[in-house]
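A.B. asks: Each chain, letter by letter, is given below.
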Amino acid sequence: MALLLDFFTTAALLFIVSSGLMMIYGVMKIVNFAHGAIISVGGYAAFMVARLGIPGWYGWALAFAVGFAIGALVERLIVLPLYNRPLDAILATWGLGIVLIQIITMIFGRSTQLVESPMDGTFAIFGTAYSSYRLIMIPVALVLCAAVIGLLNGTRFGIKTKAVIMNEALAESIGINASRIRFIAFSLGAGLGTLAGYLITPLSSVDPYMGVAWLINAFMLVMVAGSSFVGLFVTCLVFGTLQVLVSIYVNPVIGGMAIAVLAAITLRIRPQGFSHV
Amino acid sequence: MKLTSLALAAGIAALSASTVFAEDTIKIGVPVGLSGANSVVAPSVVQSSELAVDEINAAGGILGKKVELVVADDGSGAVGAQKAFDSLIFDKGVNVLISMETSAARNAALPIVTRGKVPYIYTSFYEGHSCNKWMYVNAWVPEQLSSALVDYLAQEKQAKTFFLIGSDYAFGRGVLDYTKKYIEKTGGKVVGEEYLPMDGSDWTAIISALRSANPDALISCTAGGAPNVSLGKQLKSAGVNIPYGNMAVDEGTAKDMGSAAAGMYVSGSYMTSIDNPENKKFLADMKAKFGDELKTPNDLSVPQYDGIYAYKAAVEKAGSTDPKAVIKALGEISVTGPRGTIKMDPVSRHAPLTMYLAQVQDDGSLKVLKTFENVSEGKQCSFK
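Respectively, the protein sequence lines represent chains S and C. Under the numbering used here, the first residue of the first sequence carries the number 1, and numbering increases by one thereafter. Under the numbering used here, the first residue of the second sequence carries the number 1001, and numbering increases by one thereafter.
Keep in mind the hints are simulated off the structure, nothing from the lab. As the structure is a prediction and not an experimental result, all values here were calculated from the model. It cannot be assumed that every hint is accurate.
Chain S stretches covered by chain C per the calculated footprint, using a threshold of three residues with CB under 8 angstroms from any CB of chain C [stated by the list, open to error]: (1) 7 to 13; (2) 115 to 122; (3) 181 to 187; (4) 247 to 253.
Far from chain C, some chain S residues (derived; all Cβ distances over 12 angstroms) [claimed, not checked]: (5) Gly53; (6) Pro55; (7) Ala69; (8) Leu82; (9) Asn84; (10) Leu91; (11) Ile103; (12) Gly150; (13) Ile200; (14) Gly211; (15) Gln243; (16) Val244; (17) Thr266.
Think about it this way: if two alpha-carbon atoms lie no more than 25 angstroms apart in a straight line, the pair counts; the simulated DMTMM-like pairs of lysine to aspartate or glutamate are [unchecked claim]: (18) C:Lys1367 / S:Asp120; (19) C:Lys1160 / C:Asp1216; (20) C:Lys1367 / S:Glu116; (21) C:Lys1255 / S:Glu116; (22) C:Lys1379 / C:Glu1316; (23) C:Lys1280 / C:Glu1293.
Glycine included, every Cβ here is placed at the ideal spot set by N, Cα and C.
Chain C extracted, bound-state conformation (with noise of 0.2 angstroms):
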């Protein structure tokens, strides 16, 4: 009996403590895929939440304590991202979550950020039409990414036929679907649509469709890396030249598939050649901080230093980390970073975003050729 008592009260102590200690910090979480497939992007994706954190701290944290960032690893999964999801809202307690996931991952670990009530800025581009009362979304979505790249070969280099290729997975079919049905309201046709599984790595048979089906620009969106690579080599090797908006492709994997990409057209809402004070000041401090250890900065990473931002303004116009509070909040706020000012609406979940539009060079680095101003983001969500 007594020893019972003993151990509820110690537990009453550890329980008011840990509560002490919730008052005086603001706790970040961040799951991420430090291992499986995600691991070749998530150490872009730490390496700017931390500094964001470190910069939020210098500049006295969000209404007055010091912000913490909680990292898990979600092995790149639904599974893992369960467990992260769990032990990061439940565990850890923390006030906020702001990450990329995969498309899976994110659906998988929904029902937790239901359960634990928390705000969860998704930073990742995706198929769209996620809705989720507790989440916000401020990465592109096919309807930015299709009408930029669509516009720019229709309107620039003049195509009027196009052929699209992906994988034969949710975010390849998602993304072709919508661009295909973009191309015909805007006037264009699409002479051919083919798909290979996500693991095949012979584009002959496909190659020989878009020969033979003669369009004036092509449009791919491939999973991330191999597929990615095999296709561009292919294609490059049965001599094909014309127009090739490549959908899968960023500052990073432009580089590592060297002249296999030379000559694509990419789009995204961040390059890190964007010319704005904002964007050079974030790459010399990440430069500063990271040194020789520095990951390129890229579509992934940049949204989340911007979540993060726009977390801080929403606990400060709502002058607590109350849940609903902040959830209201974030739609009203706007931050201004390395992709620009962006303002997240509060029906739609989703920002209209500045869209860039490059062309990759020789040397692996993108050129932007145009941009698109604040490009609507469509029909997403409807919350009133």
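Next comes chain S alone, as it looks inside the complex (with noise of 0.2 angstroms):
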């Protein structure tokens, strides 16, 4: 039972952390290798929050809230002028990454940080304890799933991004505003990726590099799942499992890779990922 309460919690933060990253990838194929730093910059929203004593729970919205405006503005200042160029685009964001890095390390120094945890101990689940935080992880990412689904599939919005996604020249022929898409679509991503950052620090340490360590295996799940959020959902689920078993079974150190080599294999074998399975 425990195993598959790993499994699950796993596989939800997975999802959590990477799909800012694949709100982005999907609409404009541009990989935002800030967004690590991105993850950083939540982690520090939720150490801010937490030292001006805002309420825990209203937490989540300003961290989304500072996530979007410094995605609307990189994608005004950086990223608008490279999406012709994919590769430029990519050393743009990862130097941007940098630069967020060192700005965190200037205001708030090297060292880590102290966030509480808005819930301590464990929750008893057919009769196996199991962390509570963990725990909650699994609804927060089934409800965000929905909601970006919902996003994608049941609005105007969504309807307008899918065309922009399919063919853009066409799009942009009947009147839809591919530009506005593209900035709405940077900011939602940069913005999941802050509140990633701040749902993942109760169980992390708050330090100007939290984030990077989970970029690789974001942008690993993101390349196989391709660019549908239900691809992503199976992937992170698929994946997730699979590093948990090699964690438990082989050893933690190899099932740190796990994501980013089973990944690369998956790839090799079906480069089209686990989109439109």
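Using the hints, put the two standalone chains together into the complex.
C.D. replies: Laid out in structure tokens, this is it:
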């Protein structure tokens, strides 16, 4: 039972961490390598929220807003001129990540910061005591998944976004403002990144590099998932399970590499990954 | 021709001027990581060095000579350390090097120390067994740390089975390997030993393994900072509440870790709460000198302070700063500082130390529960 919960909670965390990257990659086929740094920003948002004494559950909105604002700024200033040069966009966002981390370091210092967890201890589920905060991550991931899928499938913005993803020139010719769609998608993606940073803080330490460790796994998951959030959900579940299994039955050092290695193998055998499953 | 001889004369003048200068002062080189990973702890090391040098100068210096501190940034890495050591020894002409370094930086810099023939007092705890003709170590090694922690958990907490968790790097593996041997030697049993890469932050699988092994006690030796905090938090949120000895926490980080650290057992050769007159005076003087800027003295900054006094005693015993004579004298002198009386051994080149076992309180302070007098450093080096 504990093993099953390990699978689900690991998958939930992976989904939360990679959804922001997916939002940006899905719409504009640009890999946002600043995603790790943006997750760190979310962690520091949690730190500021805790320090200012704002009640914990309002914090997520603030974290999202900070990320959205950063995303909006970055899209206009840095990413906008680079849509037709995806490789340069990768370099630019990578550089941006370094800059963000250095800014965090200049303001808060290099050391780890303390953020108290909103809930400690365990919760008994089917007779197994399990970390309550990790359990909470399962519904959080489900809600998040439902929200983004709802947004992309059930709203006008979503339909326009899909049109832009499928054929940008055609979408523009029928009057969809593709540039605005991209602007919103990038900001949303950054907002989801800081939100993820905020959410993983109780399980992690807050330091300038806290998000970087997640970047490679998130990147690999998104590559395998293609451009659908349902695909990402399935990918997180499969690879999260595999990661836990390898960590437990082989060893955790190899488990740490499991997602990257298995994703590379998957893409070798099936280049389209899990999209259109 | 004339120009050359003029330049030569100027060169000789400059050279003799610097020799005169060197005779008037004794220069202590302190290469530390002011930038990079060690930048969290380096300021405290510089502060305790400054206090020691101020005190020595106020009391008339060493052999009547003024002491000068030369601090160099090593960037917390091997390449930076080589540059820093090179510049301190060959450009600045320091008489001695006293500092903490990462193991990688120390190993990279030791050949330069050998080439420069300068005494080096290494003041950082580390995995042990680093030996060099010119080096003495006055901080703890795993032999000293493990025995204090394991003995306490076995004797006071009746722990028979242990689970070990570490970060996958030289220090983590080195310390836990020794700990495992020590546990087995003293009749305990290691029921699990797991490592996560240094940048890993998800301890789920290891905590699951820990739960199913169901040990009496847990000992961890992760990299300081992030992995330590995430492990502490995740153990807490997983409801693990067996006795937990953490080898990577000191007083400063315990405060930073907050509730994640509360209840942990830690060991070390220095804690601010050590109750002796030297420590009380040291803390009061540090507070008076640095006020609000004071970085909490710790198990790296206090050996630094002791190391400078050890050098003073050795030079006074040798009657000169001659490197060979100083190295010989370093094995003969003893100094009494905040950690008590410390005598480095001329053969092992390390020092028996009094180790303290403490528990982290809710406010992040450490409460000393037990003192282990003169814990042997074990077999380290064998110089004659």
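A.B. asks: All hints are to be evaluated individually against the structure, with a verdict given for each.
C.D. replies: Against the structure, the hints:
As drawn, the region 7 to 13 of chain S meets chain C at 3 residues by the rule of a beta-carbon pair under 8 angstroms; at three or more, the given contact holds. By the rule of at least three residues with a Cβ nearer than 8 angstroms to a Cβ of chain C, the coverage given for the region 115 to 122 of chain S holds, with 6 such residues. Counting residues of the region 181 to 187 of chain S whose beta carbon lies closer than 8 angstroms to any beta carbon of chain C gives 0, which falls below the threshold of three, so the coverage claim is violated. For the region 247 to 253 of chain S, the stated coverage by chain C holds: 5 residues have a C-beta nearer than 8 angstroms to a C-beta of that chain, and at least 3 were required.
With a cut of 12 angstroms on Cβ distances, Gly53 of chain S stays outside the contact zone with chain C, its closest approach being about 15 angstroms. Every CB of chain C lies more than 12 angstroms from the CB of Pro55 of chain S, the least distance being 18 angstroms, so the non-interface label holds. For Ala69 of chain S, the non-interface assignment is confirmed: its Cβ lies about 26 angstroms from the closest Cβ of chain C, beyond the 12 angstroms cut-off. With a minimum CB-CB distance of about 29 angstroms to chain C, Leu82 of chain S clears the 12 angstroms threshold, and the non-interface call stands.
No Cβ of chain C approaches the Cβ of Asn84 of chain S within 12 angstroms, the least distance being about 34 angstroms, so the stated non-interface status holds. At roughly 22 angstroms from the closest C-beta of chain C, the C-beta of Leu91 of chain S stays outside 12 angstroms, upholding its exclusion from the interface. With a least CB separation of 16 angstroms from chain C, Ile103 of chain S remains clear of the 12 angstroms interface cut-off, as annotated. The Cβ of Gly150 of chain S lies farther than 12 angstroms from every Cβ of chain C, with a closest approach of about 29 angstroms, so its non-interface assignment holds.
Annotated as non-interface, Ile200 of chain S brings its C-beta within 12 angstroms of a C-beta of chain C; the closest such distance is 8 angstroms. Some Cβ of chain C comes within 12 angstroms of the Cβ of Gly211 of chain S; the nearest lies about 10 angstroms off, and the non-interface call is violated. With a least CB separation of 8 angstroms from chain C, Gln243 of chain S falls inside the 12 angstroms interface cut-off, contrary to its annotation. The non-interface label for Val244 of chain S is inconsistent with chain C: the shortest C-beta to C-beta separation is roughly 6 angstroms, within 12 angstroms.
For Thr266 of chain S, the shortest C-beta to C-beta distance to chain C comes to about 21 angstroms, beyond the 12 angstroms cut-off, and the non-interface label holds. Taking the CA atoms of Lys1367 of chain C and Asp120 of chain S, the gap is about 24 angstroms. The hint holds against a cut of 25 angstroms. Among the hinted pairs, Lys1160 of chain C with Asp1216 of chain C is consistent with the structure: their alpha-carbon atoms are about 6 angstroms apart, no more than 25 angstroms. Simply put, Lys1367 of chain C and Glu116 of chain S have alpha-carbon atoms about 22 angstroms apart, close enough for the 25 angstroms limit, and the pair holds.
A threshold of 25 angstroms between alpha carbons decides the hint, and for Lys1255 of chain C with Glu116 of chain S the separation of about 12 angstroms falls inside it, so the pair holds. Using a Cα cut-off of 25 angstroms, the hinted pair Lys1379 of chain C and Glu1316 of chain C is violated, with the two alpha carbons roughly 29 angstroms apart. The suggested pairing of Lys1280 of chain C with Glu1293 of chain C holds, with an alpha-carbon distance near 19 angstroms, which does not exceed 25 angstroms.
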